[in-house]
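J.: Chains as they are written, first to last, in the numbering used here: chain A, 1 to 469; chain B, 1 to 469.
A few of these clues could be false.
Identical chains share a label here; the pair holds if one copy fits it or two copies do between them.
[To be verified] No more than 20 Å apart at the CA atoms, straight line, and that leaves these computed lysine to aspartate or glutamate pairs for EDC-like:
1. K204 / E35
2. K360 / D20
3. K291 / D17
4. K360 / E274
5. K291 / E353
6. K204 / E34
Derived from the structure by calculation, the hints contain no laboratory data.
Number of protein chains: 2
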Amino acid sequence: MPFDPQEKPLAALLAPDILDLLEESPSSVAAETEELHPADLADVAELIPREQVPAFLAALSSARAADVLEYLNEDLRRDLLEEIPTSQAAALVSQMTPDDRADTLEEMDQEVADEIVSELPAEARAETERLLQYEPDTAGGLMTTEFVSVSEDMSVDDAFTSVRALARSGRKEATYAIYATTADGRLHGVLSLRELLAAAPGAKIADVARSEPVSVTPDTDRQEVARITANYDLIAVPVVSESGHLMGVVTVDDVIDVIVEEQTEDVQKMGGMEALDEPYTSISFWGMIRKRGVWLCLLFIGELATASAMQGFEEELTRAIVLSLFVPLIVSSGGNSGSQATSLIIRAMALGELGVRDWKRVALRELPTGLTLGAILGVLGVIRVVMWQKMGLWDYGEHYWLLAFTVGISVTGVVAFGSLIGSMLPFALRRFGLDPASASAPFVATLVDVTGLIIYFLVALALLRGTLL
Amino acid sequence: MPFDPQEKPLAALLAPDILDLLEESPSSVAAETEELHPADLADVAELIPREQVPAFLAALSSARAADVLEYLNEDLRRDLLEEIPTSQAAALVSQMTPDDRADTLEEMDQEVADEIVSELPAEARAETERLLQYEPDTAGGLMTTEFVSVSEDMSVDDAFTSVRALARSGRKEATYAIYATTADGRLHGVLSLRELLAAAPGAKIADVARSEPVSVTPDTDRQEVARITANYDLIAVPVVSESGHLMGVVTVDDVIDVIVEEQTEDVQKMGGMEALDEPYTSISFWGMIRKRGVWLCLLFIGELATASAMQGFEEELTRAIVLSLFVPLIVSSGGNSGSQATSLIIRAMALGELGVRDWKRVALRELPTGLTLGAILGVLGVIRVVMWQKMGLWDYGEHYWLLAFTVGISVTGVVAFGSLIGSMLPFALRRFGLDPASASAPFVATLVDVTGLIIYFLVALALLRGTLL
């Protein structure tokens with residue numbers, strides 16, 4: 001169900017006050033905004049005049065400004081970091097969590113990013129360079145290297161003391177989970193901070209941690225990371241090397257971002273275009289034309305075949321012009337049923353309900369489904385022709401019953417064919433290593449249209465030869 | 001990018017051993033499966049023969065069986081709980097977390113559910129009855145009532161002692177966050193367990209908690225809960241009453257389920273059908289026909305207007321049969337561009353990038369975009385006609401240049417019109433309180449097809465009068 005748009009009311013409320021403050025006493029901005037969530041401050045930064053944003057960020061402590069940057073939209077963040085002096089940019093990004101730092105640098109101009117990295121403190125630089133090696137769409141590209149691990153030989157009490165010391169040090173480690181490692185650093189168990197609190201102080205970590213925790217490797221696809229997180233209700237997924245060493249952690253907030261981004265890509269591809277990769281509201285005019293135009297041209301070229309198919313039946317059309325009246329109706333029925341089938345299969349694949357090997361099972365299901373749906377529409381088609389004739393709304397000639405059956409049988413065949421093609425296209429795309437979500441409604445319609453025309457004219461030839469044809 | 005299907009390899013590996021164990025020594029099943037994640041055991045339960053499942057669950061402790069039930073697919077869980085004696089079912093569901101218990105009972109036959117509730121221990125019964133009041137698609141329907149709250153007057157040390165005691169009591173409260181309440185029970189602050197550890201022991205909770213935490217009310221729509229969770233990177237969202245009292249907490253694992261379910265609904269609606277509300281692999285044949293057939297019939301009835309439109313131009317068609325050849329090409333171009341536009345807008349709305357009030361801005365953007373895309377396709381159309389003529393592939397007659405321009409100009413107009421209608425339909429649906437995701441590609445195509453025909457024939461009349469017409 002829909003609900004009212006989120007108009008960022010809080011940010012809209014705050015922005016004027018913050019602008020006033022920036023003008024009158026910039027030094028008090030930090031204290032006055034202390035209680036606000038950095039996500040809201042990021043919204044404010046996106047709302048106020050662009051030229052005021054650097055002053056706004058400068059008025060905050062660098063730790064706070066780094067928090068705000070993490071929530072800022074990609075374009076604005078990149079532009080801001082590219083326009084300030086490298087040393088300032090380095091100071092800011094060094095305060096970010098390692099995963100956000102790497103993501104931020106990845107978005108930037110390679111040269112500027114390299115300069116910023118070179119000015120980072122040694123430890124942060126090494127960490128950043130390591131994270132930047134991984135593809136952004138893998139577990140390695142998502143993970144943060146700040147996590148809490150304890151040796152499994154430790155006592156619960158000692159582990160607790162060490163976790164508390166870490167918490168007091170003010171570092172940013174996520175304590176979603178505490179990982180227990182063997183003497184040589186392999187991940188061997190996991191427990192929550194709560195479980196650590198609940199355990200008997202004298203027990204050994206190895207005895208209280210759950211062993212063999214779910215984990216991924218740095219090159220695990222981000223969608224697989226998301227599926228594992230959802231399946232096991234995790235709030236963090238450990239990332240281990242081939243040899244079983246703990247390398248990092250993907251946290252649930254990043255997983256949610258992945259799920260939302262992947263969905264956006266799927267929806268856009270299913271609409272018959274390339275994924276935009278940036279918000280509708282911020283993409284440039286020509287960027288938009290390119291993302292939509294390429295597929296639109298390909299589909300148009302595919303649809304040109306319908307003109308050739310029509311030409312192939314021009315003789316029949318000339319003899320019985322009445323046949324042309326139902327052409328849009330018939331081809332669209334196939335496209336619609338194909339669109340349904342393809343959406344169902346794409347989604348079932350994304351949810352892991354269907355795999356490549358299920359294509360036969362799906363085909364055997366879609367064929368009777370399509371025939372049944374087609375028969376229902378076919379009956380509607382027959383009724384339409386006969387009713388118009390009987391009511392005197394149009395004269396289809398003396399053979400109107402034959403024409404009605406031509407329409408009805410064609411619709412049945414075209415709908416069944418559309419369901420079959422629509423359901424098989426995602427399998428075919430996946431089989432060839434392409435994204436099944438590219439099986440858009442327009443793509444399916446294009447495939448079905450030519451065949452729909454051929455089915456229609458063949459049925460017409462079979463039924464109407466000797467009468468209309 | 002696609003990846004190999006998740007074929008539940010772990011469950012497939014475990015199932016034979018567990019079946020053997022069930023036969024040979026059922027009493028050892030609990031101990032042997034102790035280390036496994038309940039999600040994996042649920043996969044096993046879905047894989048083994050249906051008649052073995054009750055014995056498998058009976059072999060586990062009831063707490064463990066309850067955990068497995070929480071991860072089981074809805075249909076199997078409902079059937080299992082409905083077929084065992086009510087007292088056993090009550091014993092099982094009483095071990096579930098309050099939110100999963102309410103969800104489970106909600107799925108069941110009302111009468112059976114009522115009986116089970118009546119056999120629950122008094123406290124669990126009251127809690128369950130309270131949760132069952134809320135609509136499943138609201139924060140109240142998602143929240144659990146087991147959370148950790150401390151008085152804001154407490155010292156950090158005392159709060160820590162109380163949280164530790166709670167953890168040791170073995171109850172299931174989520175310690176994602178610790179909520180600080182005023183003397184009269186209003187939510188006033190939040191801190192993580194980690195922040196509690198880091199705080200000075202003598203400090204007051206009120207001083208260390210972040211005040212005014214983000215919260216929702218029980219009737220907040222679940223999509224809004226999801227958006228807030230994603231926006232603020234939360235792992236739990238507190239649910240407060242009108243008067244500000246803390247009533248429960250929605251945890252991030254449930255939020256992920258919401259995001260995935262909503263997306264499934266959107267994709268299916270965008271495919272031109274009702275949301276299935278159950279997996280493609282498990283819905284019945286006639287259930288499927290109903291979910292797809294209703295929209296397919298409505299769309300077909302809408303498309304019948306194309307036959308009437310064609311009838312309206314029958315005279316022109318008879319005079320220039322060549323016009324009919326391009327009918328499928330032209331109407332499909334409008335449908336394709338409309339499909340792109342509608343997918344973009346639906347997604348931008350779902351992400352909160354666009355609200356109802358942005359319709360004018362979008363229209364002013366889609367019109368030039370559509371005209372540009374249309375012009376590109378129009379040129380392709382002109383080339384097609386002229387090329388076929390020049391290459392001798394088809395003879396469109398002496399006025400082939402006029403025909404080419406008729407096709408080119410029509411395509412431009414139809415694509416621009418398709419983009420406009422496709423982008424405005426989600427706004428219109430939302431304006432009338434309907435789900436914008438119902439603006440499916442087939443729905444848009446149906447709206448565009450009739451208009452596309454009219455545009456085509458009007459352009460033809462303007463350009464070809466006196467020559468072909």
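J.: Okay, which hints does this one fail, numbers in order?
T.: Result: hints 2, 3 and 4 break, sorted rising.
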